[in-house]
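Residue numbers (my numbering), protein chains in the order written: chain G, 731 to 1009; chain X, 797 to 1146.
I should point out that these hints are in silico values taken from the structure, not numbers from a laboratory.
We treat Cβ as the ideally placed atom computed from N, Cα and C, and that holds for glycine.
Any given hint could be a false lead.
As the list claims (entries may be wrong) - So these bits of chain X aren't anywhere near chain G, every CB distance computed over 12 Å:
#: 1; residue: M878
#: 2; residue: M889
#: 3; residue: E1093
Said to hold, decoys possible - Covered, in the sense of this in silico footprint (three residues per stretch, anywhere, with C-beta under 8 Å from a C-beta of chain X), are these stretches of chain G:
#: 4; region: 888-900
#: 5; region: 904-918
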Amino acid sequence: MTPRRSRSLALGVVAALVMSVWAVPVLWGLLTSFKTERDVLAYPPVVIFAPTLANYREVLFGSASILPNLVSSMIVAGSATLATMLLAIPAAYALARLALPAKRAGGFYVLATQMLPPVGLIIPYYLALQKLGALDTYSGLVAIYITFSLPFAIWLMVSYFEDIPPEMEEAALLDRAGRLRALWHVILPQVRGGIAVTTIFVFLNAWNEFLFAVVLGGNRVRPVTVAMFNFISVEQTLWAKLAAGSMLAMAPVILLGLIAQKHIVKGLTVGAVKGGGRR
Amino acid sequence: MSALGAVRLEGIVKRHGAFTALHGIDLDIRPGEFFALLGPSGSGKTTTLRVLAGLESADAGRVVLDGDDVTAREPGERDVAMVFQSYALYPHMSVAENIAFPLKMIGTPRDEIDRAVHDAAAKVRIDHLLARRPGQLSGGQQQRCALARAIVRKPRLFLLDEPLSNLDAKLRVETRVELRKLQRSLGVTAVYVTHDQEEAMTIADRLAVFMDGRIVQVGTPAEVYARPANVAVAGFIGSPPMNLLAATVRGRALTVDGMPVAIDGDPGPDGDVTLGVRPGAVRFADRGLPARVYLVEDLGDTTIVDVEVGERLVKMRMDARPAVHEGDPVHLAFAPGAVHLFDGASGQRR
């Protein structure tokens, strides 16, 4: 074996080991979701078994169905994402383009909000929603999600807007587009990759959120991340159903990730190379 | 095409914080004229163009187009089109959509847009590329696309910000000829920013030379070349630029390094002066300024000879290769009518 081949083989082994840190729990969960509770608890663990869809039937249509919770998650994450993007796009454009007073300070404030530990905000948020009568409501939870997704979305979108040469917009202004039509016809189509990435990240964060959902939600608003706790009780943990529920909860996230893989990679490297992250 | 396009800038001042980019620019551009704003980087020519377009607001002064004060008007309300140095083509639109954009913004009917787009594209010979995206075009084709987008709505004023600077040397020379022809055929006023004096000299009807945020001279290329207003313009215009030598006037006689230099006319009052002479007006002579040949550059049709006069280099341009070699001692003479004199202190022409 040549040194070059052996080096690439060694690299491959290391990469596989690192990847397995993420992949093994997911694959183990996937296997578990097709096992009976008996197979799950078998010792030594069984890898060859008769697969069953019973767990999926149970978590979707059984007495402990998580379907309403999936719908709840979809409403919360979808609304938070939509509201965030509607506010973040004009805000990021303004920060990137307009000569605003205290622009730098504003930009830093946006970033600084990301530095607060969420757990430190739980009690003030709880008290605020309680006073407003918005505990266990969609509007309450969505509003809270916006408070942390909006700064993140603005911060991410600003770099995309800054990547568009100002002359592009000036050309549109000279062509009588006006600022709003220049934004709509010229700028937004060029940052659609950035909009896609930001939308996905915001949606993922909202979909996967647990801490706020468990404290500020309740019986009416109960996202799937919270509902999964139903399968864990003092007496027992229903591992197979928990695994099936986890797989169902992960499905939209994985699907989104696959669809937007190309954009996400570009989004993570935006600004790394001049013009490299655009579109 | 309208016969409009008279431009008047009155006392335009532009500041960026503590820095003053334009110190009161006054300029008159006639309808149908191809007018160049020429100057080195940072001299204020692009800022002037942007103020004229409305992309930057002036801190003082007025912009008047065809008698209308447009100083406070938005860029889109001035009826001007601009070709940017980077072309600023919209990458997500096809060539046809790029050209159609200005017409779409003013609500022109679809069939009229199609006709105008084809006409404009044909004028700049890109009508076979209409379906392509800007990213699929060469630099020259992108430049034509930007031109077509500018001419499609028949503006009264056509602004060009170094539109040829991203093209290679050969294409630049070809395109500037076409640009001039296009402007003539459209009869539209064009204001053209460039730092390339050769480009300005060949393309413009008249030009304004910018230095440090001020206009130092306005005139036809021939006027500016023949009678530069000061040392800075003299050193900027011409390729190679004018040779500038420290000289002295004593009792109506001009000397360089103690050697008398003959000139036509009166050199003016006593004092230190800067003598300017174009490379083409310097000749070898039997007597005159002593010098030493430093370098002979054969450019094919002409030869540039660098000679050392004391510590300074003087450039000579000759049609035929002279029989001199590097290191040869020589004497220089200047054609008397071709000597320019500038005041030693102010740099202004005497």
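Going down the list of hints, with the structure as the test:
1. M878: 5 Å, violated
2. M889: Its Cβ does come within 12 Å of chain G, the nearest being 8 Å, so this is violated.
3. E1093: 37 Å, holds
4. 888-900: holds (count 4)
5. 904-918: holds (count 8)
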